[in-house]
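Student: Dock chain R against the given chain A, drawing on the hints supplied.
Chain residues, written in single-letter form:
There are 2 protein chains.
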Amino acid sequence: MLNKKIILLTLIILTLFSISVVSADNVMVMKDDSIHQVSIMQAFMHGEYEGVISVGDLKLNGDTGLGTFEGVDGEMIVLDGVVYKAKADGSIQVMPNNERVPFAVVTNFDEDASIPKISANNFSDLTSQLDKELDKLGKNNMYVVKIKGDFSNITVRSIEKQDKPYKEFNEVAKTDQKVFNYTNQSGTIVAVHFPNYMGDVNMAGWHMHFLSDDKTKGGHVLEFNKTNASVGIDIISEFNMLLSSSESFTKMDLSEDMTNKISQVE
Amino acid sequence: MLNKKIILLTLIILTLFSISVVSADNVMVMKDDSIHQVSIMQAFMHGEYEGVISVGDLKLNGDTGLGTFEGVDGEMIVLDGVVYKAKADGSIQVMPNNERVPFAVVTNFDEDASIPKISANNFSDLTSQLDKELDKLGKNNMYVVKIKGDFSNITVRSIEKQDKPYKEFNEVAKTDQKVFNYTNQSGTIVAVHFPNYMGDVNMAGWHMHFLSDDKTKGGHVLEFNKTNASVGIDIISEFNMLLSSSESFTKMDLSEDMTNKISQVE
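So the protein sequences, as listed, match chains A and R. All letters in the first sequence, in the order written, are residues 2 to 267 by the working numbering. All letters in the second sequence, in the order written, are residues 2 to 267 by the working numbering.
Every clue listed holds true.
Only pairs whose alpha carbons sit at most 27 angstroms apart, straight line, appear in this in silico DSSO-like list of lysine-lysine:
1) A:Lys-168 <-> A:Lys-179
2) R:Lys-140 <-> A:Lys-168
3) R:Lys-140 <-> A:Lys-252
4) A:Lys-227 <-> A:Lys-118
5) A:Lys-252 <-> R:Lys-137
6) A:Lys-149 <-> A:Lys-218
7) R:Lys-262 <-> A:Lys-140
8) A:Lys-140 <-> R:Lys-165
9) R:Lys-227 <-> R:Lys-147
10) R:Lys-140 <-> A:Lys-165
11) R:Lys-218 <-> R:Lys-179
12) A:Lys-140 <-> R:Lys-252
13) R:Lys-137 <-> A:Lys-165
14) R:Lys-147 <-> R:Lys-118
15) R:Lys-168 <-> A:Lys-140
16) A:Lys-216 <-> A:Lys-147
17) A:Lys-252 <-> A:Lys-175
18) A:Lys-168 <-> R:Lys-137
19) R:Lys-118 <-> A:Lys-252
20) A:Lys-133 <-> R:Lys-252
21) A:Lys-137 <-> A:Lys-227
22) A:Lys-252 <-> R:Lys-147
23) R:Lys-168 <-> A:Lys-137
24) R:Lys-252 <-> A:Lys-137
25) R:Lys-165 <-> A:Lys-137
26) R:Lys-88 <-> R:Lys-262
27) R:Lys-133 <-> A:Lys-252
28) A:Lys-162 <-> A:Lys-60
29) A:Lys-165 <-> A:Lys-252
30) R:Lys-140 <-> A:Lys-262
31) A:Lys-147 <-> R:Lys-252
32) R:Lys-252 <-> A:Lys-118
33) R:Lys-60 <-> R:Lys-218
So, partial list: chain A residues that the calculated Cβ filter (under 8 angstroms) puts toward chain R:
34) Ile-41
35) Gln-43
36) Gly-139
37) Pro-196
38) Val-202
39) Glu-239
40) Asn-241
No lab work stands behind these hints, which were simulated from the structure alone. We treat Cβ as the ideally placed atom computed from N, Cα and C, and that holds for glycine.
With the rest of the complex left out, here is chain A:
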């Protein structure tokens, strides 16, 4: 009986302690409004393609987002808690938890605003319509946006896996980028939007990855024609970033302004 009481007491204490730890750590972690970033875009542009965390750990930080895999091995789309790879051969693969991630952004998607019906003629037409909406919602926040619709024509790219020593991403994009053009696709674009002040950490403006509804086609969105879509918008007010602890990152020369190079390939 005494043993049971001690076990009970221990469990009560453990439970209370665990709960208090959660709330303390969560003061600035409002799960639904925070975005989690692995590494920085600038390091990636300089050829930092080594994994920082696993797919399994990434999924614990969010169910929706985009990124890439170790060695720039394809384009990552995270949708409804599943991590997909759009490979350079044009196929789609659901990724196991042990795959490594050198760069990604994910959030637990929480729809704060929506546009039930939107029609756009191309990428820039859509983003200019979305920009007006974000201006109303607060132009200095970050955003994760899901665009679900029909695309009469969509052009995506993926990258062939790189071997060490890694080249800068602009060089890789010139030689190992595979471009795919698909007609009449239904699917979802997972998009992120960062304000200008985040341009040295991620990339200012829009970044979009596509996955078809039948999960057979996808990649980094380069362009599309004519879409009718519905848009879900998650307003992000908290940013969390984990830097790489690799020797190559900590010694990397990041003094070069990569803004122009990023705009060339993204």
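Tutor: Positioned in the frame of chain A, the structure of chain R alone reads:
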């Protein structure tokens, strides 16, 4: 007996669940290596002085750091879990939990490296010595540094509380900055160092606030002469930032590059 078993089982489940929640949320929150930032420096420079979180909540995110209070009412020094205000009248006050914070950075200080003895002739002599150390530890990380020593002469400033409508910080610094010069002070400088890629979110380079050992003098460090000190260094690999949800922030025009204005006053 059955009730007891049910309670026991419930507590076991609750405990396991709580522990799993902690580890899930902590995947990218390595408490000792993360820095928590309230708002962004660029918004502050533009006159965003409204509180975002309370002193009580700030303390849950770290025991060491610096910042300011609502209305730029003095300079904040966070040391050993206590939040101090160096006021514009030259006095020091321990701040209550309900005071509001418009901008701050804090960490749970964890000494990853140290310099037991360092001598420097002034601010730039010290920072150039520290820069060499940070280059060795990894120049692309963030750092929180405690410099504990004797200062033969130290010049600090604090700011008079501002009323709405708030002016840009460069205007405020011209008219409402109070400068104090102290001789033979023993105390601690809490310093933060951000790499260049964080220059649009915080401020690239060194930012230092001082508090005397007797807790009677302190402020934002402008200059000092001759110091013998010991230095504790916390290597930061995770950055967490909470944006303001105020209407003034979400509508603020942040397109102006504030880098030059920041370097004038910080």
